[in-house]
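Asks: Sequence:
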Amino acid sequence: MNAASLRARWLRLAPREKVLVAASSAIVVLALLWLVAIRPALGVLRSAEQQHRMLDAQLQQMAALQEEARALQGQPKVGHDEATRLLERSLRDRLGTTARLAISGDRATVTLTGTPADALARWLTQSRVDARALPGEARLQRNATGLWEGTVVLSLPPR
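When the count follows our numbering, it moves up by one through the sequence shown with no breaks and lands on 220 for the last residue.
Worth flagging that the hints you see were computed from the coordinates, not collected in a lab.
One or more hints might be untrue.
The following label-pair restraints were derived from C-beta to C-beta distances [to be verified]: (1) ARG100 <-> ARG189: 45 to 55 angstroms; (2) PRO219 <-> ALA125: 28 to 38 angstroms; (3) LEU208 <-> VAL105: 42 to 52 angstroms.
Every residue gets a Cβ at the ideal spot worked out from N, C-alpha and C, and that includes glycine.
Given the sequences, and given the hints that come with them, work out the whole structure.
Replies: Here you go:
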């Protein structure tokens, strides 16, 4: 159908039919407007408060990480021998007999047997802050009792 035939058909309609066609067209347009523009916008408005809170929490976490990074950058450099000594001490103090240390060049391999998760997390933080030892590789798994076993390879400061 072309525009001329539609116009001719429109002119043949009774006034009551024209009103019904116009009203149904308006309803269809309003329904499309609701589905395409208004409803999605209302959904965004409803979730904006929750998203704002989540983004604020992420911003606070990022600011805390930034502050921690600045604090780490401001600390004095640690030499290889001092880092090794600090790493050995932190292993002994935090993990006790559940960890063994093997140092090869600028890498330290820690073998864990039956280490609690909270002790492992505290030790990793302490080794990063005190000894400037950065985890490079980890092969860990939980045993039947829920304790960690495996190896962690750390990069030490160069000699």
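Asks: All hints are to be evaluated individually against the structure, with a verdict given for each.
Replies: Tested hints:
{"no.": "1", "hint": "ARG100 <-> ARG189: 45 to 55 angstroms", "in the structure": "holds (49 angstroms)"}
{"no.": "2", "hint": "PRO219 <-> ALA125: 28 to 38 angstroms", "in the structure": "holds (29 angstroms)"}
{"no.": "3", "hint": "LEU208 <-> VAL105: 42 to 52 angstroms", "in the structure": "holds (46 angstroms)"}
Hint check: no violations occur; every hint is consistent with the structure.
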